[in-house]
Every structure is written in C-alpha cells, then in structure tokens.
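Chemist: Given the coordinates of chain A, assemble chain B onto it according to the supplied hints.
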Amino acid sequence: MIKEFKLPDLGEGLTESEIVAWKVAVGDTVALNQIIAEVETAKAVVELPSPFAGVVAALHEQPGTVVEVGKPIVSFEVAGDDGGPAAGGTGSDAGAPARREPNLVGYGAVLETSGRPARRARTFAAQAVPAAAAAPAPVAAPVSAPAAAPAPVIEPVAAVAAAPLQAERPRSTPPVRKLAKDLGVDLAAVTGTGEHGLITREDVRNFVGGGDLPVAPQDLAGVAPQAAADGERETRTPIKGVRKHTAAAMVSSAFTAPHVTEFLTVDVTPTMELLAKLKASRAFAGYKLTPLTLVSKAVLIALRNHPTLNSRWDEATQEIVQYNYVNLGIAAATPRGLTVPNIKDAHRMSLLELSTALTALTDTARAGKTAPSELSGGTISITNIGVFGIDAGTPILNPGEAAILALGAVRKMPWEYQDEVALRQVMTLSLSFDHRLVDGEQGSRFLQDLGAMLSDPGMVLAMV
Amino acid sequence: MFTDDAGKGGISAGGPGNSAESNRRTGGDLVQLITPGGERVSHPEFDPWLQDVTDEQLGALYEDMVVIRRIDAEATALQRQGELALWPPLLGQEASQIGSARALRDDDFVFPSYRDNGVAYCRGVNPEDIVKAWRGNALAGWDPYTVNVATQQIIIGAQSLHATGYAMGIQNDGADSVAVAYFGDGATSEGDVNEAMVFAASFQAPVVFFCQNNHWAISEPVRLQSHIQIADRAAGFGIPSMRVDGNDVLAVMAATRIALDRARHGGGPTFIEAVTYRMGPHTTADDPTRYRDANELEDWAAKDPIARLKTLLERKGLLPEELEATVAAAADAVAKALRSGTINMPDPAPMDIFKHVYSTPNSSLDRQQDHYSRYLASFGDPAEAATEEGAR
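Residue numbers (my numbering), protein chains in the order written: chain A, 6 to 469; chain B, 1011 to 1402.
These are computed hints drawn from the structure, not numbers from a lab. Think of the CB as a built atom: it goes at the ideal place given N, C-alpha and C, for glycine as much as any other residue. Check the hints yourself; a few may be wrong.
What the hints assert, rightly or not - Footprint (simulated), chain A over chain B, 3 or more residues, beta carbon under 8 Å:
(1) 1088-1099
(2) 1293-1305
(3) 1382-1389
Next comes chain A alone, as it looks inside the complex:
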C-alpha cells in the first residue's frame, strides 16, 4: 500500500520549510528512521527520518522548493501495516485545497489567498472628502480596479475587483462554519444578517431552505463611513472597497519592498519663472500648466539617464523587469478614495501633450470615471502633497514600481542666493525607492538631476 509522508511542523509553529536535499531516490528501499531528506526551516536545517520502512514510490517536491506544512512530500510503498496511521492525520478529504492540516504546535491558520491577516481597524466619525482635494493626493496608493460606473460613492466593485484581493473569509462562528461544511454550503455565497454581516446559523439554514435568496453585493466601495448616530461614541465601518484595496496594496508594498526615502530641497524660482513665461506664451494658451507638469517632464528626462528607477522586481520569475517605456502614475484623491491612474507612454510626450494628459487624468479621476486600464500598468509614480500645503513625506511605493516622488509645497523662504540670503521659492522633493532594485547611489543621482533641472531648467540641455 502507498503511504504518504506529509511535511510536519518541525519547529514550534512553523508553516513551511524548504527541501534542501533528498537523501533517497525513487525506487530506494528505506528503513524506518533512515534519513531521507534535509529540510531547512526558519529555525534550523534538520534531517528527516523516514516514518516508514518501504520503497520510495515518489518524491513530490524538488530540492529548493518551499513546502507548506501538511503537504505530502514523499510516498512510500509499504508492505504491511506496521506503524499505524501515517503522519499528519487521516487525510479523508485530501481533495480540499486549503484544508488545515493537524499541526501540533502553532496551529498555523489556513493560508488565505491574500496572505495577510484581516483585522478590523477602529474608524472614526464621518469625514467628508474635501472636494478641492480631487487634484493629486497625499500619498500614493494604488487600487487594483475600482468600477467604472458613474455613481460616486456607493457602488459595487466586487465584479471588477481582482481575485487575489478577496481576502477575508465570510464572518461567522465555528459552530456555524461546521454546520455550513456539513450541509455543503459555501459561506461566501451566504449573506450574513448578524452584526457586521455575521453569518448566523439561521442564515445558513435559510440559504439551504430557500436557495432563491438574493445575494447582496458583498463588497461596496466604502470611503464614506456611516454617519455617526446621536450619542454614538465611535462609528464602525466595514472595511471594503477602495479603502480595503488601498490598505492591502500599502501593506503588501510596505512589507515586501524595502523602502528608502531621500529628500532634497531645491530653489525652484527659475522653474516658477519658466512656468510663468510658458503660461504667457501663445503656444500654451488654453493649456493648464502647473509645477506638477514641469516636474513630471523633468522626471521623464531624468529617467533616461537613470532607468533603474523605472523597473520592477518580479519575485515570481526571479527577474528584474526594466521598462523601456514610462507609464507615469499620478496619485489622485477621488470621491472613492485614493487612486493612481497613469499616463501611458509618457516618455514619448511633449510638454504640451503631457499637460493635456495630466489635465484629462485629474478630471477623469475627480469625476470618479477612471477606467481600470488606466489604473494598471504604471511604472513610476508622482504624488503631489504640496497641494495640501505639505513640505515632505515618505511616500509608499505603488506595488510593482521601483520609485515614487512626492512634491512638496512651493514656499517663499529665506534661501542662499548668490552668496546672500534672499527670499526664494523653495520646494522639497521626497523620493522613495525600492532598495532591492535601486541603490542609494542611483536614487541619489536621479534626485540630484531632478533638483538640478528644477533649480536651473537650462540644465536640461546637459541631460538630453
């Protein structure tokens, strides 16, 4: 008979281990407790003794693979029933994908597709999104894909939402889950009527009894918290929609890409003078020019000499993707929350085209009409926190991108100018980059070039 050996929890509460090497091959006869593999856990490299005497029938995992605790790693052809049941439980319904394996210590929860624990955070009383804030927003945060429907506040995004972000399992209690499992009910299909959408025993039974119950949209865009009722000292708002996506993206970015942030304060008086000149010129009549337009252009120019800031870390394939184009993301505060739509192939655009694109992008975002395609595929982002009167920040990378630049407010400040203190227009640039991809030197030189162009636009001649 064939017996499987499932990877046990070798430490205390470990959920996975890496197969370092197999000490046996298929067809080998092994004795009980013979060392069959070397496995590395987060704590130690350990040798695995065979739990059976028999012949190796199959090795299910290759050396170098990280295996979840509870997955079969090797099968044996065993003559008689000698030692009792196989390690790792009875395995009656091995077909279920995310089944929790008995795990003596640690009880590592079932790995959810989103990979991170979902907790309810405290929320505070309703706070209207300032209408004026529809322009670029404070800290860049991407949203995988909000709906393109026109209704600004409450609209279902579930249909468009990317699959990996269906993080949280439906709220219920263990006895109800057990009941649902026994009845073969998928709790994701059941609408909870309890507190905070908790699925009750009644809900499950109603679902089974009258399968025609309408399934309400599970996932609403949820930036606007419910208004606080009189006397309520705190308001609880379910985490969903853009807020949830933003949170997931930020958490994933902050905890996968090692962030470095650098600051550079520049005298941008010459750029502001250039801006005034351009605005007055005929060529730009009718176009909307802002400091953001010029900084965007400067970023595109600086990227030519520093392409590493326009790249991506591809963990899955273990490759670095160097983009030979720029899809420039602009963080925007929208009625539904923060989004980062991007301008496709911005590197090909003239200043005029860039200005048009930026205006269109912010207008669309403000109206809440940004199409999902405009939200994906960005390669580098800019966030303009200056519009809120803020000087500097440590922006969090849009996942999958190597850099993000935050523009501070342009302020008149006493500044060194031609060896004297003068009142100059000064701006702080904050650049965060993924240190896996970009070294301090590259990031610093990129930032320095940007500063050089903004403090003296004529420097562009030296860079193109």
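Modeler: Positioned in the frame of chain A, the structure of chain B alone reads:
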C-alpha cells in the same frame, strides 16, 4: 568536603569552547572513576560507596543507558515525523541521569526538568507517558504519586523550590526520604534555584541539588553564566558540593549516594555538579550549529558515557555477544512500543482539559465547564443549538 580532596580527575572539564574555565577553577578536580578509555580508576572517597555494585548491576546500568538513548532517538525521530510537537533530547547525558536515578530509593521524590527523561524512565514512567505531553495529548503524562516523580518542569529551575519545600515536609514528617531537584547549569543563574538553596541551607532540608552541567543554556555557554565552577556556587550558600564526571555512571552514582546518605542522616542539602555535555540541540526546534563549534562536539563525543562503560565491561569480560544482543533487542522493543503507542495514542476529549486542574470542586471552573460543554453541543443538532448561543 569532596571539592577539596577529590584529586583523581583524569580529564579536563571543558572542551575548547569552555577553555577559560580551567583558569578560573577554584574548587577541586573532577571526580572520575571510569576514564573515557574505559579504565576503572580507584578513588579512596568514592569507592566505598560502590562496593555493593555487582557485575550484573554494572550490566544493568549499561542496558539502562542504551535503552534511554534509544528512547531519546526514537522520540527525536517521531518529532521529525510530525508525531510530537517538540522534544528535548538528552543525548550525551545518559550517565548523569541513570547513575543518579539508580541511586534513589522508591520513597525519595524527584523534581525533574523537561530533559530528565532518563530519570523518569528509571523511576518506572512508561515511555509513552513521557512523550504524551510533548504530543499535546495531556498537560502531564503521569501521576506523580505513583512513581514519586513530579511532572517535568518547563520553567527553568522552578522545581528546585518545589523540591526544597517537599524536603522540608519530609523533615516535618520525621521521615528519612530525600527530595532531589534536577536542573541544568543555566538554572543556577535563576532566582528560584538560589532561593531554594538559601532555604535548603537554612532549614538543613534533606534535598539534593543535582545539576547537570551540559555546558549550554540553549545557546549560552556555561563560562558566560559562571566565572567560577558551578559546584563552587554552592559554597556561597553553605551547601557542600561535589563535582563529578557526568559521563561516568559510577562517579555519578557514588556522588548521589553520598548526598542521599547525608540528607537521610540529618546532614542537610548537597549540591552535585555532574559535568556532561548536551550532544544534541536544546530542543528539536533549535539548531546548535549556529552557535557552537563542531570541534567541541567532537571532543565530547570521545568522552561518550555509553562507549566507556561498554569498553569497561568488555575489558572485564562482562559483555558477551548474547548480552549485547539482549540489550539491543530490549532497546528495539522499547522503541517499537514507544512508536506505536505514540502514533495510536487516542486524542483527548475536549472536556478533558478541565480534569486535574483543581483537586477539589471549583465553582468558577464548573461554570466554564458548563459553558464549554454547551458551546461544544452547538456544533451538533442545528435545531437544538439555534436556541442556544450557537445562533450568535
């Protein structure tokens, strides 16, 4: 008394990792009766305590050590195979545990640490019961009063207080039993052990502090814990101490007998430092290669407690092939029983968690028990459960 004049030590106490130790040595040399090469060395103070040890008994000590090593190896394998959550191997410390435990009387009471499985085995604890707690099937594997061994203490050194308290109880009873606390070198830095020694000395309690200096407190070498030899710490409390080769089953046995005898006759506590070495990891969740030198391990492998006794027995012609085969068969049988007993151990019932918490009825616990049983019932019949808290 024995720290000063026990002058027959043959080996150095420490490997390279603990070489600084020899410079700081203040007390006596290590007492050793069987050299690593398997030679029996005579010792004027210790030999009288071993005169009754027959050749058969020497063979039995050998079998004990082989069996406990096999139990230990099997339990380690069972952990690697997912059958135990954790296991603290005692590999290398067999002589310390067997030698001391075999010196005890049935009415003596042992307060062991989590690694003293050899002691538990000698006291008659079923190997399956030893692993039960490590499998998560029980909070403790045995009834302390049937074998006079307390449940294994996980808190470092805490059992030394229990032992001292128990010893004071023996005193009050006017009995001549002895309490024995087993702990390691690291525990001697704990407040509990120091407090226990203060009380034991103050009350001259019949307790033996049996310290297995295995050189490592998880990843911390003993030389960092103590700038003097561990045995010399006892002097500060006014407790006589001995320092013996912990890989020498006879030296350990003699020292334990001396200490027990003193305690039985109103002489108060004794501290024994058995100098040995933890050949394995701290537990199966530990990787000692990250903090200790492989050379040190090699040095200590040459001082193996079983190998030296085997050589001695062979030299004396006490280990014919048949006996060797019998011992091996005994070890295999115990290991096999341990394996099948572990794998087929029934899971405890959910309500078992409430057993053995209090010896007398407890209303708070009864209430919890009631809630929990109703909660468990809510997994059952939906109609019935809906009326209870299951409808939450």
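Chemist: Each hint: holds or not?
Modeler: Now the hints, each set against the structure:
1. 1088-1099: It holds: at least three residues are needed, and the segment 1088-1099 of chain B offers 8 whose Cβ sits within less than 8 Å of chain A.
2. 1293-1305: holds (count 6)
3. 1382-1389: holds (count 3)
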